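Heads up: the sequence lines are chains A and B, in that order.
The opening position of the first sequence corresponds to residue 1 in the UniProt record's numbering, with each subsequent residue numbered one higher.
The opening position of the second sequence corresponds to residue 1 in the UniProt record's numbering, with each subsequent residue numbered one higher.
No lab work stands behind these hints: they were computed from the structure.
Since the model is a prediction, treat every value here as computed from it, not as a measurement.
Ideal Cβ placement from N, Cα and C applies to all residues, glycine included.
Each hint can be trusted.
30 Å max Cα-Cα, derived BS3-like pairs, lysine-lysine: (1) A:Lys-244 with B:Lys-399; (2) B:Lys-244 with A:Lys-399; (3) A:Lys-244 with A:Lys-197; (4) A:Lys-231 with A:Lys-134; (5) B:Lys-134 with B:Lys-231; (6) B:Lys-197 with B:Lys-244.
A few chain A residues that don't get close to chain B, going by computed Cβ distances all over 10 Å: (7) Arg-48; (8) Leu-59; (9) Ala-61; (10) Leu-71; (11) Thr-96; (12) Gly-185; (13) Ala-193; (14) Gly-199; (15) Glu-427.
2 protein chains.
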Amino acid sequence: MSVGEVTNADAALPPLRVGLLGLGTVGGGVVNVLTRNAEDIARRSGRRIDVVHASARNLGAPRICPLNGILLTTNPMDVVENPNVDVIIEVMGGMTPASMLIRRALELGKPVITANKALIAHEGNELFALAQAKGTVVAFEAAVAGGIPIIKAIREGLAGNRIEWLAGIINGTGNFILTAMRDEGRSFNDVLAEAQKLGYAEADPTFDVEGIDAAHKLSILAAIAFGMPLKFDSVYTEGISALKTEDVRYARELGYQIKHLGFARRHENGVEMRVHPTLIPERRLLANVDGVKNAVLVWGDAVGPTLYYGAGAGADPTASAVVADLVDVARTLTADPNHRVPHLAVVPDQVSDLPILSMDDIQTGYYLRLTVLDQPGVLANIARTLADFGINIEAMIQKEASDETLHLPIVLLTHPMREAIMNDAIESLQALDEVCAPIVRLRVESLVS
Amino acid sequence: MSVGEVTNADAALPPLRVGLLGLGTVGGGVVNVLTRNAEDIARRSGRRIDVVHASARNLGAPRICPLNGILLTTNPMDVVENPNVDVIIEVMGGMTPASMLIRRALELGKPVITANKALIAHEGNELFALAQAKGTVVAFEAAVAGGIPIIKAIREGLAGNRIEWLAGIINGTGNFILTAMRDEGRSFNDVLAEAQKLGYAEADPTFDVEGIDAAHKLSILAAIAFGMPLKFDSVYTEGISALKTEDVRYARELGYQIKHLGFARRHENGVEMRVHPTLIPERRLLANVDGVKNAVLVWGDAVGPTLYYGAGAGADPTASAVVADLVDVARTLTADPNHRVPHLAVVPDQVSDLPILSMDDIQTGYYLRLTVLDQPGVLANIARTLADFGINIEAMIQKEASDETLHLPIVLLTHPMREAIMNDAIESLQALDEVCAPIVRLRVESLVS
Numbered sequence: 001m002s003v004g005e006v007t008n009a010d011a012a013l014p015p016l017r018v019g020l021l022g023l024g025t026v027g028g029g030v031v032n033v034l035t036r037n038a039e040d041i042a043r044r045s046g047r048r049i050d051v052v053h054a055s056a057r058n059l060g061a062p063r064i065c066p067l068n069g070i071l072l073t074t075n076p077m078d079v080v081e082n083p084n085v086d087v088i089i090e091v092m093g094g095m096t097p098a099s100m101l102i103r104r105a106l107e108l109g110k111p112v113i114t115a116n117k118a119l120i121a122h123e124g125n126e127l128f129a130l131a132q133a134k135g136t137v138v139a140f141e142a143a144v145a146g147g148i149p150i151i152k153a154i155r156e157g158l159a160g161n162r163i164e165w166l167a168g169i170i171n172g173t174g175n176f177i178l179t180a181m182r183d184e185g186r187s188f189n190d191v192l193a194e195a196q197k198l199g200y201a202e203a204d205p206t207f208d209v210e211g212i213d214a215a216h217k218l219s220i221l222a223a224i225a226f227g228m229p230l231k232f233d234s235v236y237t238e239g240i241s242a243l244k245t246e247d248v249r250y251a252r253e254l255g256y257q258i259k260h261l262g263f264a265r266r267h268e269n270g271v272e273m274r275v276h277p278t279l280i281p282e283r284r285l286l287a288n289v290d291g292v293k294n295a296v297l298v299w300g301d302a303v304g305p306t307l308y309y310g311a312g313a314g315a316d317p318t319a320s321a322v323v324a325d326l327v328d329v330a331r332t333l334t335a336d337p338n339h340r341v342p343h344l345a346v347v348p349d350q351v352s353d354l355p356i357l358s359m360d361d362i363q364t365g366y367y368l369r370l371t372v373l374d375q376p377g378v379l380a381n382i383a384r385t386l387a388d389f390g391i392n393i394e395a396m397i398q399k400e401a402s403d404e405t406l407h408l409p410i411v412l413l414t415h416p417m418r419e420a421i422m423n424d425a426i427e428s429l430q431a432l433d434e435v436c437a438p439i440v441r442l443r444v445e446s447l448v449s
Numbered sequence: 001m002s003v004g005e006v007t008n009a010d011a012a013l014p015p016l017r018v019g020l021l022g023l024g025t026v027g028g029g030v031v032n033v034l035t036r037n038a039e040d041i042a043r044r045s046g047r048r049i050d051v052v053h054a055s056a057r058n059l060g061a062p063r064i065c066p067l068n069g070i071l072l073t074t075n076p077m078d079v080v081e082n083p084n085v086d087v088i089i090e091v092m093g094g095m096t097p098a099s100m101l102i103r104r105a106l107e108l109g110k111p112v113i114t115a116n117k118a119l120i121a122h123e124g125n126e127l128f129a130l131a132q133a134k135g136t137v138v139a140f141e142a143a144v145a146g147g148i149p150i151i152k153a154i155r156e157g158l159a160g161n162r163i164e165w166l167a168g169i170i171n172g173t174g175n176f177i178l179t180a181m182r183d184e185g186r187s188f189n190d191v192l193a194e195a196q197k198l199g200y201a202e203a204d205p206t207f208d209v210e211g212i213d214a215a216h217k218l219s220i221l222a223a224i225a226f227g228m229p230l231k232f233d234s235v236y237t238e239g240i241s242a243l244k245t246e247d248v249r250y251a252r253e254l255g256y257q258i259k260h261l262g263f264a265r266r267h268e269n270g271v272e273m274r275v276h277p278t279l280i281p282e283r284r285l286l287a288n289v290d291g292v293k294n295a296v297l298v299w300g301d302a303v304g305p306t307l308y309y310g311a312g313a314g315a316d317p318t319a320s321a322v323v324a325d326l327v328d329v330a331r332t333l334t335a336d337p338n339h340r341v342p343h344l345a346v347v348p349d350q351v352s353d354l355p356i357l358s359m360d361d362i363q364t365g366y367y368l369r370l371t372v373l374d375q376p377g378v379l380a381n382i383a384r385t386l387a388d389f390g391i392n393i394e395a396m397i398q399k400e401a402s403d404e405t406l407h408l409p410i411v412l413l414t415h416p417m418r419e420a421i422m423n424d425a426i427e428s429l430q431a432l433d434e435v436c437a438p439i440v441r442l443r444v445e446s447l448v449s
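Generate coordinates for the entire structure from the input sequences, incorporating the hints supplied.
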């Protein structure tokens, strides 16, 4: 069956009905992701997931998402109390009225999904107790490190480990600023102004640049890593606003990068939690996490170091985490517990027997090494042959002949090309008189991160 | 309540009883991790997890783990059919008799946890159908990328995304060989022999160096990323045994690293799956995954690129993944579905109110920048002051005076020291006559990866 087909899996059960508190950047992202990936999400959840009711402060404001079929209100409590809403997503941010709305939803036994790190850091202990008492749940994957599934990794993926420590770059704004200070030698204030213009930093940047946002997130990570209550007030917090460009420069001279790190470690006699600018040896993975990206390094006694990297903020990445929580909730409410997560990620009757492409049809860049006779015109012949097949050369190394045979290696990188064409081109190259050994062919992937 | 205390949470329910097929490296690791972390695992699962019955080919062979209280047999079917065994862990490897044993366990409705990538790649489709029909599950986190929770990340953490492609270094042996070929300029055969001596490669290395092991894993990753059946036979597979040291060197000259990559991408008209040596630009994260480590880069349409990094093999890392699956199973069998994963990772009455250390008690390295008068003896005074506090200097930069005031910066890195002592030392340094501006202090973490 093809991916798009509607089948009994999503037809059999009524859709899960979502109430959305907040239609700003993250709320808009959630609607977009749920709309765009509706079919894949239904295949994974075993039912459709529809946003049916949403609140916004200003109904006339411009939106980044379609609102078809969504009932709108300026009163978020209407959404919470709507008996036709099964699950609440809170993406308004701030403490008030988010706290009161979430409490009411939990009282009603409705699962709540939130991206609100400040609220979880400050009130998580009570919210979790309330959810537990009411037989429901508060999900908060989106509260830490945006789209990186770090909560799930720690609470579930590393559940066999004693977690010894974790260290994270968990504020994208701060990392953007530090990266620009390093790469462009600019001052903190100068880069902050740019970050504000680009929308990476708020008009009031205090939470980001004074480390408060990172401390919120660190208190959440430490709590789940060590199985202890949230203790935001105990996090030692130092921001990056006092950091000088010259210290960034001196650190580099010493072989270090300065990153704004959240760090938590378990000791015999207690736990340390701290957020501050930190020098990290330049070869470490965390030292190479740049710009607005986030990453968390977790040390478990069995697994050793593991690292989780990705986008720490933004509409779609945060929505990715919100929707992951939503699929978790939908699976819990839909599948029998033993089959909550389908073996192949989608419910069995939705597995798609996708065709597999032949290697002839893949497209990639190529590295070619030719061993040729050291004589005039050889390079021209090679280049012309490749050009005949429409293959562009991106880089080349020509070496001196390595022995008395006057054989010399020519190494080429090509732009991406279909493999079938490259195979023909290699055959033609191999047939050239000057080519005197089998051509070595490797593939090149530029990747993105 | 303290971490170690026995409380009603693990006392209330009888332990989950595990049957273990295979007591080699991975089996021994599983017993070790379950033994060492028994309390943490019980806090997370809501009940104890005990290995009660295990099979091994040779009962007299030396073991890496304690066997106290475990009933031993040479007949694995005894373990499968033991009515006092609730869950089966299969870590024997190979197709026969693992396949038959797993099928029997599923027939009996027992959840099966396996690290057997070859078996999942070849027979997963039937095993999953059988598990589904019998109301139980086959869990296989350990089958791909060792301790990295990549199956969970893709099936659950990225469930909101349309996954476009993924690329992974998913064979530790191959990556160890490539790293040594690059760093030491040695030939494939030379490094392979060393890897075999170190236990990183098997006596018959075919599965690792010809890419078959990576193809097994790629077929699993692609199936769950795209929601399609396992199609191992359709993976284009090329190993690293033909790779020449000179190509590794030329790739570097061009700004690339050669990695043995598994790559899967979804297209309009089908899916590509291929495993082969691949040139990757040297700045990419995957290009910097060295030695026996694994990493998988996954591109989701909402989240963008995310990366998962860690140990891809070894007794304890593989056990980490097996036990994560076991905790998943235990939570499913123990908690009500809405509270399968506790908010704070451990069941509510097991949350430990751990003390938080004062910053005075933390220990870290320090970066100090002092602005001093350019006069004789200043450096000696600084060094003597630090020595008085027992603080060792690891590195130093002294710059020329930057203006007419004859003030010059001295930058120091220290070995780790308690913060309280460092605070006192900074106070003493600040009091030196030659120090003419507030001392800048940053912290240093060496991390490990």
